[in-house]
Amino acid sequence: MAEEAVQPQQPTGPVFSIEKIYVKDLSLEVPNAPEIFLTRENPTVQIQLQTEGKAVQEGVYDVTLTVTVTAKIEEKTMFLVEVRQAGIFQIRNVPTEDVQPILGIACPTILFPYARESVSDAVNRAGFPPVVLAPVNFESIYQQRTQAAEGQSSPTVQ
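For what it's worth, numbering that gives the first Met the number 0 labels the leading residue of the sequence shown as 0, then goes sequentially.
One should not assume that every hint holds.
[What the hints assert, rightly or not] The list that follows gives simulated cross-link-like pairs (lysine-lysine, DSS-like), each with its CA atoms no further than 27 angstroms apart: (1) K75 with K19; (2) K71 with K23; (3) K53 with K23.
In short, the hints are calculated from the structure, not lab data.
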């Protein structure tokens, strides 16, 4: 009987796993310190979210969630914090049409709590009360962006 080398079997079902979660970039600016600490008014807070994903090798993707929080009192910026929270995800044996929704919905949903903690911690260390970001519905954001992109690419008939 001839002996055959036993090859490890690749999983045949869908695979989705987190390989690494990390902070790609973190910046904090307090341009009007120390005067801004003497102000007792409540600031207006603006939050911006952006996601991007790219393949780093076959079946392995790097997804970055950028959260930018700007707090202002009138026209003066109290603080500006930006976190680029990233993760490396393994996505294999998944239909091609399902990869983009995973990158745009599932991955940012996993990354968001880490980004929220980084924002809150940075703002608190700068001497301000922590900013607690509300949960985000990334599915809704993904659908809106997909519809907007489809609207731009489809020609208008007049």
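Comparing the hints with the structure gives:
At roughly 38 angstroms between alpha-carbon atoms, K75 and K19 are farther apart than 27 angstroms, so this suggested pair is violated. Restraint check: the Cα-Cα separation between K71 and K23 comes to about 26 angstroms, which is no more than 27 angstroms; the hinted pair holds. Using a Cα cut-off of 27 angstroms, the hinted pair K53 and K23 holds, with the two alpha carbons roughly 14 angstroms apart.
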